[in-house]
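Undergrad: Going down the list, the protein sequences come from chains A and B.
Under this note's numbering, think of the first position of the first sequence as 1, with each following residue one higher.
Under this note's numbering, think of the first position of the second sequence as 1, with each following residue one higher.
Hint data in this document are derived by calculation from the structure and do not stem from the laboratory.
Don't take each hint at face value.
Short, incomplete list of chain B residues facing chain A, as computed with Cβ under 10 Å [as the list claims (entries may be wrong)]:
hint: 1; residue: Thr-3
hint: 2; residue: Leu-4
hint: 3; residue: Leu-5
hint: 4; residue: Ala-6
hint: 5; residue: Leu-8
hint: 6; residue: Ser-17
hint: 7; residue: Phe-36
hint: 8; residue: Trp-63
hint: 9; residue: Trp-68
hint: 10; residue: Gly-113
hint: 11; residue: Leu-156
Remember, predicted model here, so these are calculated numbers, not experimental data.
Beta carbons are placed, not taken as given, at the ideal position from N, Cα and C, and that holds for glycine.
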Amino acid sequence: MRFLPYFLAGLAFGFVMIKSEAASWYRIMEMFYFQSFHMFGIMMSAIATGLTGVILLKRFWHPRTLDGESIVIPQKAPGRYNYLFGGLIFGLGWGIIGLCPGPIFSLVGMGSVGALAALAGALHGTWLYGLAKNRLPH
Amino acid sequence: MNTLLAWLHAPWPWYVSGPLIGAMVPLMLWIGNRSFGISNNLRHLCAIVQPRAVGVDFFQYNWREHSWSLVFAGGAVLGGFFAGVVFANPQPINLSIDALTMFSYWNVPIGGGFLPPVLFDFNWLSLLVMFGGGVMVGFGTRYASGCTSGHAITGLSTLQPQSLLAVFGIFAGGLFSAHVITPHLFSIFW
Numbered sequence: 001m002r003f004l005p006y007f008l009a010g011l012a013f014g015f016v017m018i019k020s021e022a023a024s025w026y027r028i029m030e031m032f033y034f035q036s037f038h039m040f041g042i043m044m045s046a047i048a049t050g051l052t053g054v055i056l057l058k059r060f061w062h063p064r065t066l067d068g069e070s071i072v073i074p075q076k077a078p079g080r081y082n083y084l085f086g087g088l089i090f091g092l093g094w095g096i097i098g099l100c101p102g103p104i105f106s107l108v109g110m111g112s113v114g115a116l117a118a119l120a121g122a123l124h125g126t127w128l129y130g131l132a133k134n135r136l137p138h
Numbered sequence: 001m002n003t004l005l006a007w008l009h010a011p012w013p014w015y016v017s018g019p020l021i022g023a024m025v026p027l028m029l030w031i032g033n034r035s036f037g038i039s040n041n042l043r044h045l046c047a048i049v050q051p052r053a054v055g056v057d058f059f060q061y062n063w064r065e066h067s068w069s070l071v072f073a074g075g076a077v078l079g080g081f082f083a084g085v086v087f088a089n090p091q092p093i094n095l096s097i098d099a100l101t102m103f104s105y106w107n108v109p110i111g112g113g114f115l116p117p118v119l120f121d122f123n124w125l126s127l128l129v130m131f132g133g134g135v136m137v138g139f140g141t142r143y144a145s146g147c148t149s150g151h152a153i154t155g156l157s158t159l160q161p162q163s164l165l166a167v168f169g170i171f172a173g174g175l176f177s178a179h180v181i182t183p184h185l186f187s188i189f190w
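So that you can see chain A by itself, here it is in the shape it has in the complex (with noise of 0.2 Å):
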């Protein structure tokens, strides 16, 4: 029971992705070809989304969390060059297949044997990075 909401967003969040078409391959060169606000409008709305939600939610609304710990915005790690090589990297790859982490879990639940391929190719990614780790600059 602990498990169900995160569950049920993930559901949501899943739902959302084929939805929205952001799992879609098209979609994403339409995007980098800067041929339709379609993609640029949901990251957009997005953004404005979150950033009114957090403040909503730190400044008006619900104070605590499910568990009644108070709200704490968890901060990304100090860094530099991982953040921007890190990003140059799945960039390329992002261009060239067109789905990133979330559309990969939502594709491969549509049966998609390409984003199968793709996600055994990312697990293998996350492997080599846990292996040059510490010969990398951050």
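For this one, chain A is given, so just place chain B on it according to the hints.
TA: Only chain B this time, still in chain A's reference frame:
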């Protein structure tokens, strides 16, 4: 009832789906002070399968403490099944005219609207491309400690400068490969 069903089958416009994605950030905070994101699960999955004898530091931690995240990813897989199979969109994807022109020039059929048939079909070359791209996605997201959800959505909506740097990298990388690599990729399939 019919309207609801039609709405569940149809794709959702950006002003519906964008706010729903953004709402994940306060939702995950409210549920349990979690940072909305999904790519950490790739690390947890590696940690689960890592044999004791191998022992790469990065995967030596108690992944059970992150079970909530794996449950979230499981939900996302099932959500994909519902949205893409149970409530599949019967119409072809509604791309812009510019994009349609470009894809016909690239010789890429539209197919089901998610992955081009050449990348979707079971053939070794396309699986190799998807796998290779996946390696970059997996390596990069762990190096940057997050993907589009963790950085572009969560990081930017909680005003974290590291995420802005990551998003800059992601977009620069994507622009490069989408313009320089991907258009030529399809010539090897035909």
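Undergrad: Given a cut of 10 Å on the nearest C-beta pair, is the interface hint for Ser-17 (chain B) held or broken against chain A?
TA: holds (3 Å)
Undergrad: Just to be careful: measuring from the Cβ of Leu-5 (chain B) to every Cβ in chain A, is the smallest value less than 10 Å?
TA: Hint on Leu-5 (chain B): violated, closest Cβ of chain A at ~14 Å, above 10 Å.
Undergrad: Using Cβ atoms only, decide whether Phe-36 (chain B) comes closer than 10 Å to chain A, and label the hint accordingly.
TA: Because about 8 Å separates Phe-36 (chain B) from the closest Cβ in chain A, which is inside the 10 Å limit, the hint holds.
Undergrad: Given a cut of 10 Å on the nearest C-beta pair, is the interface hint for Thr-3 (chain B) held or broken against chain A?
TA: Cβ of Thr-3 (chain B) sits 16 Å from chain A, so the hint is violated.
Undergrad: When the nearest CB of chain A is found for Leu-4 (chain B), is that gap smaller than 10 Å?
TA: At about 14 Å, which exceeds the 10 Å cut-off, the nearest Cβ of chain A leaves the hint on Leu-4 (chain B) violated.
Undergrad: Grab the minimum C-beta distance from Ala-6 (chain B) to chain A and call the hint holds if it beats 10 Å, violated otherwise.
TA: violated (13 Å)
Undergrad: So, Trp-63 (chain B) near chain A? Judge it on the closest CB pair being under 10 Å.
TA: violated (13 Å)
Undergrad: Restraint: Leu-8 (chain B) near chain A, CB-CB cut 10 Å. Satisfied or not?
TA: Holds, because the Cβ-Cβ distance from Leu-8 (chain B) to chain A comes to roughly 8 Å (cut-off 10 Å).
Undergrad: How about Trp-68 (chain B): closest beta carbon in chain A under 10 Å, or not?
TA: holds (5 Å)
Undergrad: Restraint: Gly-113 (chain B) near chain A, CB-CB cut 10 Å. Satisfied or not?
TA: With a minimum Cβ separation of about 6 Å from chain A (threshold 10 Å), the hint on Gly-113 (chain B) holds.
Undergrad: So, as I understand it, the hint says Leu-156 (chain B) touches chain A; can you test that by seeing if any CB pair is closer than 10 Å?
TA: holds (5 Å)
When held up to the earlier numbered hints, the structure conflicts with 1, 2, 3, 4 and 8 and fits the remainder.
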